[in-house]
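S.K.: Given the structure of chain H, go ahead and fit chain L onto it with the hints provided.
Those protein sequence lines, which keep their order, are chains H and L.
Quick note on numbering: the working numbering labels position 198 of the first sequence as 191, and the sequence is numbered without any gaps.
So the mapping is simple: the working numbering equals the position in the second sequence, first residue as 1, plus 92.
Think of the hints as simulated: they come from the structure by calculation, not from any bench.
Each statement offered as a hint is correct.
Below, computed lysine to aspartate or glutamate pairings styled on EDC-like, alpha-carbon distance capped at 20 Å:
hint, chain 1, residue 1, chain 2, residue 2
1, L, 291, L, 273
2, L, 348, L, 307
3, H, 147, H, 208
4, L, 291, H, 276
5, L, 348, H, 268
6, L, 115, H, 159
7, L, 348, L, 367
8, L, 291, H, 268
9, L, 217, L, 228
10, L, 241, L, 223
11, L, 241, L, 218
12, H, 133, H, 121
13, H, 147, H, 137
14, L, 348, H, 219
15, H, 147, H, 136
16, H, 147, L, 367
17, H, 73, H, 85
18, H, 55, H, 75
Simulated restraints on C-beta separations:
hint, chain 1, residue 1, chain 2, residue 2, range
19, H, 122, L, 169, 48 to 58 Å
20, H, 158, L, 373, 20 to 30 Å
21, H, 29, L, 376, 50 to 60 Å
22, L, 371, H, 122, 33 to 43 Å
23, H, 122, L, 128, 50 to 60 Å
24, L, 197, H, 296, 28 to 38 Å
25, H, 35, L, 338, 34 to 44 Å
26, H, 306, L, 388, 51 to 61 Å
27, L, 116, H, 158, 12 to 22 Å
28, H, 35, L, 383, 45 to 55 Å
29, L, 366, H, 327, 37 to 47 Å
30, H, 154, L, 116, 24 to 34 Å
Even glycine gets a Cβ: it sits at the ideal position worked out from N, Cα and C.
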Amino acid sequence: MAQDNKRRDILTVEGLKAYYQMSYFGVDREVRAVDDITMTVRRNEIYGIAGESSSGKTSFIKVLAAALRPPFRVVAGSVKYDFSSGPVDVADATDAQIEAIRWRHLSYIMQGSMSVLNPVRRIGRTFEDFAARPLGLRGKAFEERVVSHLEKLKLPADVLRAYPHELSGGMRQRVTIGLATVCRPEFIIADEPTTALDVVVQKEVLSLIRDVQQEMGSSVVFVTHDMSVHANMADRVGIIYAGRLVEEGPTRQMFFAPKHPYTAHLVASLPRIGDTTQRPALEGRPPSLAAPPSGCRFHPRCPLAIDKCKTDVPPLQTVAPDHRTACWRWQDVQPLVSPHAAHGVMA
Amino acid sequence: MTTLLNVDNVSKTFAMGGLLSRKTTAAVQNASFSLAAETPEIFTIIGESGSGKTTLARMILGLETPTTGSITFRGKPVGGATKVERMAFMAAVQPVFQNPFEAFNPLKQIDRYLESTARTFLGLKDRTAVERAMDEALQTVGLSLAEVKGRYPHEMSGGQLQRAAIARALIPNPPLLIADEPVSMVDASLRMSIVNLLKALRDDFGVSVIYITHDLATAYYISNRLIIMQRGRIVEMGDARTVLENPEHPYSRLLKASVLSTEDAGDGKLATNPDMVALATRLATAPGGQLVSRPDGRLVRVYEPV
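Okay, chain L solo, but in the shape it has when bound:
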């Protein structure tokens, strides 16, 4: 079994303030996980804002360097040392960002993004070959070049635009896609089309996806494995079904309890148990603790008794 991506004991700290009043924030603390190359999977990172999930994604993309620890992609450090290596890495690991309206320049036609990606990463020169590559990627996401050609971002709906963003990412045939909250800015009615698309990419095209979200319901729906992060620390990790059906860590349990369910629609149940919130908040700042494996294969952070 070869590993596609290996995240080994990675931490990232940010310094804030001036020379005299410097404070450091640990955005990610000792994160470790790996993805296998043979079995494409959707690996989900769940957490609230400030949990470090986006920082982790940026480190995997090579946009931030880890303070300690290392991230390797196919055995080589992410980002690449030389320009050639960097281009090869960028072709293999592609991002999809949160807000498609911000990801695209409003004054630039969408097909120009697709075109420059095809020219840069596939090295295509011939116009018909470029257009074929663009059309193939767009067909994968349920669009076509004829629909997209010459259109500006404001002429498309949010769902279409996000699919076009995914199509752009697919042009270099990457084995790994990093999707940072790809559905949080998309309407609920269109959300499923994006989520189903990610699922189809894994099942039909063998693309591994790192899916970053705070939405537990879609995470349960599509992911194979997941990690739950709280203030930079992984608190629970394991098979998505096992963890979400019966979360063990208090923070995971709080997240699950906060999901608005529809099966008692109209009853107006909104109260969250305050003890749960208090316990989860206390553990956020509790010292250290370590990940312990459980018989069902999950890892849970346990703390020293205080």
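Isolated chain H, as found in the complex:
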């Protein structure tokens, strides 16, 4: 069984703590952006990560992508990948080890397509910069490989001769997806790849990412604060709040049977066409990661909070198959939307 699990999981994160540690004029400051996260990502699945801005989700994926720069450091824990080329723990890998897996095995789709692509270099040159070395191809062979890959993304070969500003937002985002997937990586991290896009284009780009993922059999960690994207993309969803994983489970259950009040709120606050009942908004602001609240970090905003929540940190416990939550009162969390009601409204 243990052997099975090992083969099933491509990424195992255990007790990961990563802090921004700064020291100015003898005053130490510590921002606990990632505080004790334990999770796994399986082969061939899309794992959605949701959270507000300043919840630490971007810091978390920086660790996953092995893109740490001081003052951001891994303080404890491990981030183990099980690639076909061999296992790597990026929490304490050497630069050479990371160089060997980057793009070939571990790849990253970034948020702003305009700031990823060099504005004064043609797309084809950018492809060379990114991918020629990891692929080990040059000249004609390299170009053929890129063109055949672009075909899969329904991009004409002409885009290689275009400058980024000549392409529309959707095309540019498809180019960045092309850059991230041209080496056929086993693990792709996508950071809000569709947040800046219009609805029609967003849907196209999302289905493209999923098609590419299914065709290559890669795993994708998909980060966005938009729960409606997770509803349609992810196999499993994890919710990050103030640097901690507060709930994780299969997408359907997260939407219709959430076991954490924060998740229940996130799902309930989504407006729908066909329903004008007053939607609740979560009051308060995300906590500061430099001085997080004691006990459960959600307690100042939580409608279910009791005295215990103020002092004791709830553990992430398994409440159903595949479904974990960190809440003392998870049995009292009511789903605020039911699948039946939602269908009734749309019918």
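M.R.: Structure of chain L alone, referenced to chain H:
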């Protein structure tokens, strides 16, 4: 019934390129609608980027002049002819911009924006009167002067900052607020607090709002009437519920079909019917057509059969 804002057959074209290779782009073509003064409403403009919705908003704010057609606010042309008229117009029509982090100078405390608005548009001199006006506006949006005073933009969350931006716009008690994508840069969890606020402004304070967005779900949730724009042309216009529950124009139908729904969460349905996309794209460049009214009160653009 008096009209608050009347947009009459407005077009805007931009010229691109040099003298010899000049190309013109029609950003807005023959847009007409009006808002009544007596009944405050949320009027939504829906469209993708490049549909001309922001250009339309900028023309209403008097930041661009229409190429043809006219926009009047309370019977006078927007923008104002003299400096005095311009100040009166600016006090009555206030903008809220898309990204609160870009709207505020990061090196300037937020209360200084509120203060200068209060001094300029309300003509207040006395410090206590200025602070009272600031506090009242901030209370309206669920903040208080004590929370905001002396704070810089980076010390507040995106949702708070956007609410502070709305509070600033409310200081001169404007009858009309132009909100250009006020929630697209705000986290989904905070989005509803802004949208509920716009709703409360209409219901409790009688402020009309022109709400510009590409998000159909929030548009359905708060708006009374809406227009859907495609490449500068209004393709469908009418009551928000009627139009969004059963859109008629192919482009409106495509937009609705592209909204990610959550009721089948986990099923992974993402495909868009390619015929729908093709039809909507073809109509974007189809010649002319005209708005025809339907029995249920909506206007839909119909085209000459090709």
